[in-house]
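Visitor: Here are the chains, one letter per residue:
There are 2 protein chains.
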Amino acid sequence: MLSDHIQNGIETAKLVWSRLPTSEEGESEEVNSSKRSDGTSVESLDYEVIENYAYREEQAQRGRLYVGYYVGVKWFFALLIGIGTGLAAVFINIAVENFAGWKFAATFAIIQKSYLAGFIVYILINLALVFSSVFIITQFAPAAAGSGIPEIKGYLNGVDTHGILLFRTLIGKIFGSIGSVGGGLALGKEGPLVHTGACIASLLGQGGSTKYHLSPRWLQVFKSDRDRRDLVTCGCAAGVAAAFRAPVGGVLFALEEVTSWWRSQLMWRVFFTSAIVAVVVRTAMGWCKSGKCGHFGSGGFIIWDISGGQDDYSFEELFPMAIIGIIGGLLGALFNQLTLYITYWRRKSLHKRGNRVKIIEACLISVITSIISFGLPLLRKCSPCPESDANSDLECPRPPGMYGNYVNFYCSKDKEYNDLATIFFNTQDDAIRNLFSAKTIHEYSAQSLLTFLVMFYTLAVVTFGTAVPAGQFVPGIMIGSTYGRLVGMFVVKFYRKLNIEEGTYALLGAASFLGGSMRMTVSLCVIMVEITNNLKLLPLIMLVLLISKAVGDAFNEGLYEEQAHLRGIPLLESRPKYHMRKMTAKEACRRQKVVSFPRVVKVANVFSILRSNKHNGFPVVDHGRNGEALVIGLILRSHLLVLLQSKLDFQHSPLPCDLGMGSIPIRHNFSEFVKPASSTGLSIEDIHLTPDDFEMYIDLTPFLNPSPYVVPEDMSLTKVYNLFRQLGLRHVFVVPRAPRVIGLITRKDLLVEENDDSATVELQSTSSSEI
Amino acid sequence: MLSDHIQNGIETAKLVWSRLPTSEEGESEEVNSSKRSDGTSVESLDYEVIENYAYREEQAQRGRLYVGYYVGVKWFFALLIGIGTGLAAVFINIAVENFAGWKFAATFAIIQKSYLAGFIVYILINLALVFSSVFIITQFAPAAAGSGIPEIKGYLNGVDTHGILLFRTLIGKIFGSIGSVGGGLALGKEGPLVHTGACIASLLGQGGSTKYHLSPRWLQVFKSDRDRRDLVTCGCAAGVAAAFRAPVGGVLFALEEVTSWWRSQLMWRVFFTSAIVAVVVRTAMGWCKSGKCGHFGSGGFIIWDISGGQDDYSFEELFPMAIIGIIGGLLGALFNQLTLYITYWRRKSLHKRGNRVKIIEACLISVITSIISFGLPLLRKCSPCPESDANSDLECPRPPGMYGNYVNFYCSKDKEYNDLATIFFNTQDDAIRNLFSAKTIHEYSAQSLLTFLVMFYTLAVVTFGTAVPAGQFVPGIMIGSTYGRLVGMFVVKFYRKLNIEEGTYALLGAASFLGGSMRMTVSLCVIMVEITNNLKLLPLIMLVLLISKAVGDAFNEGLYEEQAHLRGIPLLESRPKYHMRKMTAKEACRRQKVVSFPRVVKVANVFSILRSNKHNGFPVVDHGRNGEALVIGLILRSHLLVLLQSKLDFQHSPLPCDLGMGSIPIRHNFSEFVKPASSTGLSIEDIHLTPDDFEMYIDLTPFLNPSPYVVPEDMSLTKVYNLFRQLGLRHVFVVPRAPRVIGLITRKDLLVEENDDSATVELQSTSSSEI
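Here the protein sequences come in this chain order: C and H. Going by the UniProt record's numbering, 291 is the number at position 291 of the first sequence; the sequence numbering is gapless. Going by the UniProt record's numbering, 145 is the number at position 145 of the second sequence; the sequence numbering is gapless.
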C-alpha cells in the first residue's frame, strides 16, 4: 500500500522515536502516549528496541533482566519517596510544634506579670517567624509560595509551571511553611506537604539536582517523562498521607484530585508509598513520645480522635446536618470567589511592585493576626468552669503549659476560663482538637464562636495568596468546625433528650466547608474518617459532603480549579463542556493554519518556520510511489530545536538519508533530547547557524512520532475531548474521512495469545539478524 | 470538502445515532463510547438532540429540567440499590446464622446422649440444606452457580453472559447461598452477595423483570446500556460493602477489580451506595442486638475485631511475615491452578451429564464435608483448659450454645476442650474469629492446624465449581489464617520475649492467601483493615500482600481471570501483551475480510451478508461529489436486524431518502433498538422476509454511528490496545494513512470557553428553526 521508502522511513522513525525522550514543556504527555502507550506497562522502557539493529549491543544488556532492574528501581524510589516525605513531614511538625509551643509558653509566662509585655513578645515572635518565611520565599524560592496543589495538578495534567519542582523550591517550602505556620497565620501545612512530597519525588526522578551537584550517577535512571510523572503522583499521595496520617486518603486524593489518568499498576505503587509514610511517621512519633522532641508530643500530628464521642444518630438530626451542608456549600463557594478576586488583585497590581511589597504585606498580616488573636480574647469575659465530671479527663482550667481545653486567659479567678482564647489563642491543631472534643457541651458561647468565625474567615481570605507557603485544609477545618459547633449548640438546645455531642457537629462542619471549597468528595471523606479515627460517622460525612459540593457547584468551581485558571494552567476537566456537543473537530481547529514539513527539509525553512510561529508540533508529509501525499508523522518543535543546535544530522543531499540499505546512522545520544528538569528548554533564539548551514538539509524521519492519533474532521468535539483526556494526549491530527476501511479491530483481535504468533516473531528476529 | 449530500447524511446519522440504544450482545460499550462519549457527563442523555428538528417536541420536555430529573433518578436508584443490597445481605446473614445456629444447637444437644445420633442428624441437616441449594440452582436458576464475580467482571467489560442478571438468578443466588453456606460447605457468601448486588442494580436499571410482571412504568428510565452498567458497578460495590461491612473497600473493589474504566462522577455515586449499605446493615444489626433475630447476634456479620491484639511489631518479625507472604503466594497460585483443572474437568465431562449428576455431586461433597468436620475432631485428643486469666473474658470450655473459643467436644472431662473442633466443628465466621483471636496463645496445636489446613484446602478445591452459589473469600481467609497462625506459633516459640499475638499472624496469613489467589491489592488491603477494624496493621498487610501477589503472579493469573478465561469471557487486561509491541493494527486484523455496505443498500444484500458472516459491525461507504469513496460510518448487526424485522424503513427507490429538504422521516420508536435484558437478542434466523421485501432498499444513514474511532494501518498494536481499552470501544476502523492534515487539536483548542462561541450557537439555533 505505502510505497517502500516511506514504509522504510516510517519503520525507522518508529524505532528511533521510541527512544526519544521528552524535551518540550507540556509536550511530555504526547510523547508519553506515543512512546509509552506503545507499551503502557511499567516495564516497557525497551519498547521496540528489539527490532532496532542500530541498538543491537544495547539490546543485549537491556533484556528481561534490565526490565526487572528497572521495575525494582521504581519500587525502590517509591520507598525513598515515602521515607523522604515522611521525614520531611516529621521535621516540619516538630519544628512548628516547638516554635509554637515555645512561643505560647513564653507568652503565658510573661502575661503572669504584664499582659502588655506578653502581647509585644507574642507579636514580635510571630513577626520574626513570618518574616523568615516570606524572606526565604521572596529571596530564594518564589515558586514555593502558596499551596502548590494547583501547580502540581497542572504538572500531572501535562503542563509544567516554571520552577515548581526544583531543589530550592523544596527547601523553601519546608522552611517557609515552618515559619508561616509557626508564626500563627491563618493557613496550614498540609498543602505545602503535598508539594514537598512532589518535589522529593521529582528530584529523585530527575536524578537529583544538577545545580547543587547532587546528582549521583545511580539516580540517573528515569529518562521518560511518564515515569517522572508517576513518581510525582506517588509524592502527592505521600504528602497527603504524611500530612494527615491517612494513607488510604492519600491514595484516593492522588486518584481523585491530582492525576488526570491512572493505571492500576501505579495505584499499587502509590499505595506502597503511602504505607511507607505511615510507618515512618508512626516510628517517629513513637520515638517522640518518650519526650525527645521537645514540645512535640501530645499535640503535633493531626489526629483528632473523636472515638469517645457520639456513636449513634437519630433521624431528627439529619435536618440540622443538612443545614450544615448548605452552610458549607455557601461559605465554601464564597471563600473561593473572594480568594479569586483577592489573588487576581494581588497578581495584577500588588505583587508586581517587587519583593519588598510582598514582605511588608506578609508582615502586616502577621501583626494584624497577632493583634486579633491576642486582643479579642482580652475583650471576652471569662466563664466559670463547669462542674467537673468524674469520668472525664478534662481539667478546667487546663494546667499551665499543657495542651487542652479551658484556657485560663485574662481571667480574674482561678476556676474560670476564656472560651475565645481556647480556640483563638492556641495553635490551630489544638484549637481544632478543642472544637472537636466530646463531653464539653456548653464550653463555648455562641457569641465567641460567631466572633471567631467572622474574624478567622476574614483572616483566611486575606492571608490566602501572600508570598508564604500556605495550605487551606486546616483553616478550612477551623472555619467549618466553628459553624458546625454553632449548629450543634442549637441542636443540643432544641433536641434536648438525645445523646448529642457538639464535637460531632464540628466534624461535620469541617467536612462541609472543605467539600464546599475544594469539592473533593471521596478522598476528603476518607481523610476525615482517617483523621478522626471514627468509621461510624462515614455516612453522615458523606451526606454533608454531598450537599455542600452540590451547593458549591451551583456557584463556581473548586478552589484549586479556580486558582489554576487564574494562573493560566490549562487543566482539562473530566467532562467536556456542554457546547462541545455541537462542534466538530474541524471547527475546533479552524483558527489555525497548519504548517507541515516535507520529509527532507531545508534547514533555512525549518529555521524560518520555527521563527514565524509558536506551534509545538508539525505534521510531516511525504509522497508515496504514485505521487500521492501521505502524512508520515508528527515532529516536535523541541526536537527540531535540538537538531538545529547539534547540527549532527545536517546533510548536503535533499534525498532521504536511508536510500542505501535503509540504515539510518544515529548520531545522537538520546539524552540530548531530554528536557532539563523544570527549565524552559531551548528556544529558537538560542540557535545560531552559519549561512552554510542554512543550505543544508535534514531528514526528519528518525525523529518523527510515526503514528500520532488521528480523528476524522467531522467527529464530535466531545468525542475528541474524551480521546484526548483519556489517553493524555498533546496533539491530535484532524484528517479527512478515509476512503476505505482496511480492517476492523474488535475485542477478539486484541486477545491473541502470545504463542499464536511466536513463529512470526521468531521469523522476524532471524531476518533482522541477517541484515 | 465533503460533498453536501454526504455531509447531510452524516449530520442526520449523528442526530439519530445519538438516540439509538444498544441492542447487541457485547456491542454495548461501543455504542456507549459513541453515543455517550459525545458527552461523557452523566447528564448527557440529550446529546445533540438540540440540533435535531425531528425531535423538536421531545426537546421541549427534555431540557435542563429533564436532565435534572434524570440525574435525580440515578441517585435515587443508587439509594435503592444500597437499601436493596443491604437488606438482602441482612436477610442472608440472619437466615444462615439461624440455620447454622439451630443445626449446631441440635447436634450439641443430641451428642450429650449419643454421638452417633448427633452425627447422623448433623449429616442430614447439612445434606438437606445443600440439597435445597443445589436443587434451586439446577432447576430454577442455573446462572446463579458459583461466585458470579467473573461474569460480572465480564459484563462490565462489555461481554454479556446469558442469564446472569435475571430476576430468577437473584432469587436463586439469595436462597441458594443460604443453603450452601448454612449447609457447612467450604465456601462463603461474599462472592454471591456481590452478584446479588449486581442483580438488584441491573433489575432496577432495566425497569424490573418483564417476565414476572414486575416492571412498573416509573422504573423505565434507563434506556442506555452505559447507565445500566454504571448501576451494576454500584451494585458490585454495594455487595462488597454489605458482605464485609466495608464501604470504602467496596468502592475500591469496584474500582480495582470489576470495572474496566471509571469516571469520577460514577465514583461518588458508588461511594454513596456503599454508605447507604453501611447504614442499612448497621441499623439492622442494632435491631438484632435486642435479640429479635434468633441466633443472629454476636456472630453474623463479618467483623473480626482484633483491636485488642498486637499493636506493635519489631523488625525481627518482618522475616516470618515475609514467609507468610511467600506461602500465601504459593498456596494461592496452587489453588487457582487446581480449581482451574477441576472446573475444566467438570465442564468437559461431569456437568454435561445433566442436573442429576450435579445434584448427586453436591450432596456427596456435603456428606464428605460433614463426615470430615464431625469425624476428625472425634479422633483428636482433648487438651486441658489453660489457666484462666482474670483480665480475659474467654471461658474454657465455652458455655453450651454460645459462640466462642474452647469448644468442649468429645472430651472426657469438663475442663477440657477440643482444639480441632474449635475450628472445624463451627460456622466459618466463628472459626475465623477464633483463629484471629488474641490472648489465646497455645490454644491450637500445630498438628490440629496442619490437619485442618490440609483437609479444608482439599475441601475448598473440591467444592469450588459445584452447582451452588459459592464465594472464595471466607474459605480463603480460613486457609490463610490457619497457616498464618501456624507461623505465628513458631514465632511465639522462637522469638520469646516479644509481645506477639498468634491472631495477628492469622490475619496476615488470611491477607496473604487472598492476595496470592485473587491478586487484588489495594481493595483487599482496605477490606482487611475494615473488617478487622485495625488501622495499625495496614503496612504489614501491604507487605504481605505485595509479596504474595508477586509470588503468585510468577505462576499464573488471578482466580477470577483464570475462571473468566475458562468460561470464554474475553477480558481485556489493563496492559497490552508484550508481543503486541511488534505488531501493527493492520496485522491484527489481517485474517478478516472487511464487508462494507453502501449507503443505500438492497434488502437482499443485507440479508445475505448478515447470513454469511458473523461480524457485529460493518463500515458504510458512500461516494463523494467527485466519485471518490468515503467511509461514512459504522452500522451494527443488531440494528440491521431490527431494521429488517420492522420493515418500516424499506423504500422502493435506491436513492437516499433525504434528497428532498434533508428531512429524514423517523419511523422508529427508539426503544425498539434496546436489547432485551440478558437475552441473546435477535438473530438472522428470526427474520422472515417476502420476495417483495428482498427487492426493496434501506437508507442506512439514520442508523449509522457516523464517526467511529479510526487508526492508521501501521499504528502499533499496543497503541490501538490502549485506545480500545481506555475508551471502552468495541470496534475500531483501520484506515490508510491520511493524505493531509486539516488541523491540529491541542489542549488550548479544547479549553475554549462557552461564551467564546455562544454567538455561533445562537446562530445555529436560529438557522435550524428556520427550516
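Rather than coming from a laboratory, the hints here were simulated on the basis of the structure. Treat the hints loosely; a few may be bogus.
The list makes no distinction among identical chains, and a pair is therefore deemed to hold if it is satisfied within one copy or across any two copies.
Unchecked claim - In the PhoX-like style, the derived pairs of lysine-lysine whose C-alpha atoms are separated by at most 25 Å in a straight line are:
1. 352 with 536
2. 582 with 593
3. 536 with 289
4. 352 with 439
5. 292 with 586
6. 415 with 582
These numbers come from a predicted model, not from an experiment.
Visitor: Would you list, in rising numerical order, the hints stated earlier that this structure does not obey?
Guide: 1, 4, 5 and 6
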